[in-house]
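Heads up: the protein sequence lines correspond to chains X and P, in order. No gaps in the numbering here: position 98 of the first sequence is 99 in the numbering used here, and each next residue is one more. No gaps in the numbering here: position 293 of the second sequence is 314 in the numbering used here, and each next residue is one more.
It should be emphasised that the hints constitute simulated quantities derived from the structure, not laboratory data. Since no wrong hints were added, every one of them can be taken at face value.
Restraint-style ranges between C-beta atoms, simulated for each label pair:
| id | chain 1 | residue 1 | chain 2 | residue 2 | range |
| --- | --- | --- | --- | --- | --- |
| 1 | X | 5 | P | 92 | 57 to 65 Å |
| 2 | P | 287 | X | 126 | 38 to 46 Å |
| 3 | X | 299 | P | 157 | 47 to 55 Å |
| 4 | X | 32 | P | 132 | 16 to 24 Å |
If you want a taste of the chain P side facing chain X, the calculated C-beta under 10 Å gives, among others:
| id | residue |
| --- | --- |
| 5 | 74 |
| 6 | 216 |
| 7 | 217 |
| 8 | 218 |
| 9 | 245 |
| 10 | 246 |
| 11 | 269 |
| 12 | 270 |
| 13 | 273 |
| 14 | 286 |
| 15 | 291 |
| 16 | 299 |
| 17 | 303 |
| 18 | 308 |
| 19 | 324 |
Nothing here was measured: the structure is a model prediction, and the numbers come from that model. Every residue gets a Cβ at the ideal spot worked out from N, C-alpha and C, and that includes glycine.
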Amino acid sequence: MSPLPLLEAEGLVKDFGYRGGAAWRGSRRVLRAVDGASLTVHAGEALGIVGESACGKTTLGRLLVGLHEPDAGRIRWQGRELKSLPAAERRAASRQVQMVFQDPNASLNPRKTVRQILEAPLRWHGMRSTAQRTARVRELLACVNLDVEALDHYPHQFSGGQRQRIGIARALVTVPRLLVLDEPTSALDVSVQAQVLNLLATLRQSLQLALVLISHDLGAVRWLCDRVAVMYLGRVVESGAVHEVFSRPQHPYTRALLAAVPSGVPGALRQRLPLAGELQRPAGGCAFAPRCPRALAACAMDSPALRPAGRAAADHLAACIRLDTLDTTPREETP
Amino acid sequence: MADATRYACVRAEGLQVAGLSIALASHGREALALEDVSLDIAPRRTLCLAGESGSGKSLFALALAGLLPDVARVAAGQAWLDGQCLLGAEASASRRQRAGRDIGIVFQEPMTALNPVLTIGSQLAEVPRLHGHGARQAHAMALAMLERVRIAQPRSIMQAYPHQLSGGQRQRVLIAMALILSPRLVIADEPTTALDVTLQAEILSLLKALQQEQGTALLFITHDLAVVAEIADHVVVLYAGRVVESASAAELFARPRHPYTRGLLAARPPLDGGGGARMLLAAIEGTVPAPGRWPRGCGFSPRCALATARCRAGPPVLEARGGGAAVHRVACFESP
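Take the sequences, apply the hints, and build the full model.
Right, here's the structure in full:
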């Protein structure tokens with residue numbers, strides 16, 4: 002691991018405007034999807050981002066690859082701030098961060114062949130020679146275990162798993178160093194998901210790729226990733242080594258999230274940790290306070306910052322003012 | 022009809038299904054989408070029908086409720102609820118009307134299953150009204166049912182429109198709608214798939230609690246084996262339109278026998294262990310065949326490591342395996 006991180010995001014904020022209330026007389030409102038999220042990805046590292054739907058994990062992923070402009074905050078690529086780079090260098094940097102989307106049915110153009118889909122990024126990044134492009138595209142198909150015959154077929158001629166392989170191949174075509182994957186397996190059949198996860202693990206090894214895996218599948222994150230960041234309402238509330246966070250969760254939300262995973266053990270519905278209510282945004286203070294079983298009056302005052310939470314691991318951070326009173330014994334592992 | 026004599030008289034409580042096959046028409050040809058499925062569920066019991074997309078599990082539910090789309094038809098078999106025929110000519114119009122009262126369905130997608138331009142109250146009260154209750158009584162039943170699904174502020178929810186509710190609230194409304202007439206059978210088709218995990222547990226335990234209160238038989242359809250383990254008494258595993266394994270939940274998870282079931286359980290990333298993908302997952306290679314393109318033999322044979330020439334020649338029948346009290350049936354030539 003090089004001392005200089007591949008990608009650093011600091012205090013990212015992204016707002017979306019929408020019309021509230023009835024469509025014809027609604028007032029302009031702002032939804033803050035990402036609210037000061039920070040994270041670091043080192044070369045070759047796999048970082049998981051977990052959280053419920055609407056916690057901002059997809060928006061954060063899109064910010065990282067530059068599909069959204071942040072309203073505030075900084076993104077540094079290998080120590081240099083992206084915004085300050087000249088256009089040519091910015092483009093070169095963008096080539097090194099690519100994205101794989103959730104739904105391979107929606108993210109592949111149905112009217113283009115696999116060859117056209119895979120060559121488009123190469124053209125865009127200035128590879129003029131047809132022979133070179135063809136060679137690169139063939140190489141990629143082999144990488145994702147697809148036949149060369151696939152080149153002249155259209156997306157609808159493939160199964161969901163194969164389509165997601167095409168999506169991965171398209172992301173790899175510009176030789177990126179970081180791949181951002183937004184729920185890459187959730188649209189796939191269960192019996193096919195493991196194939197795609199294995200492919201990602203293999204590619205990561207062979208291409209020295211860094212991964213950001215955005216997922217609600219905690220098992221997949223634990224299996225594939227080195228580190229994990231837990232998001233709640235646009236903020237990172239806990240982060241650290243994946244085994245550390247999953248076996249000694251510090252933030253009450255992380256605990257609830259882990260406890261809610263179905264155990265897969267036959268018998269009566271397990272007594273999962275109760276988490277009152279649903280996602281709601283309080284006026285101030287800790288975003289999780291309205292649902293938190295341990296909330297105090299003080300939790301409604303200030304939004305807590307991430308601070309060291311583990312006794313053993315220095316990079317285990319959590320954003321909760323009551324960390325000191327939480328017990329640090331390992332939670333019971335699910336069998 | 023041959024079927025009518027085959028399954029002449031069934032007098033048992035709960036749901037019985039015998040030899041149900043469903044054919045789907047496409048491009049002028051007809052192909053079976055579900056073949057020879059038999060199962061039964063006693064009152065208060067939960068049966069999970071587990072399968073992937075295209076396995077025919079949703080068609081099965083639609084057939085029982087009489088909601089099959091035009092392109093599908095029941096090709097063979099019969100189903101009874103508390104001894105009453107549900108399918109075909111034997112099910113008269115009055116019985117079908119009764120079926121509407123006796124079968125409640127909870128659909129997967131709470132947004133599309135509710136009418137966006139009607140209030141929750143009017144949609145909920147419509148169900149008892151259609152079955153002969155007066156407007157006032159229907160309204161009272163709707164309000165009482167919302168309280169029973171533990172929705173906060175039921176009175177204001179009655180006035181609300183679907184888009185004003187959260188996903189969890191909408192799913193509660195759908196459960197209320199399915200249970201408002203105290204049906205004998207509740208069919209839940211992936212009721213928690215669209216929900217977050219922190220909500221999933223709550224909705225599942227709500228469904229279980231109401232089922233026990235009302236003494237309902239519950240048919241739970243899902244692709245998620247972890248959920249199956251938690252709520253099922255009995256599990257029927259479907260693959261490519263056929264039952265490949267059928268056992269009690271405890272037996273199935275302790276001793277999975279069919280290579281497909283074993284494969285699914287083995288391919289799940291474990292929630293404990295190291296991270297960093299030190300070992301590859303035991304993935305099942307290949308893809309799920311589309312209906313109409315099923316292999317001649319066992320549907321799983323193209324993806325199965327144990328498959329032999331016999332598996333590819335013709336499908337194995339579902340037969341009991343293992344000794345002891347637990348009935349464990351498997352459709353496989355090669356499994357133990």
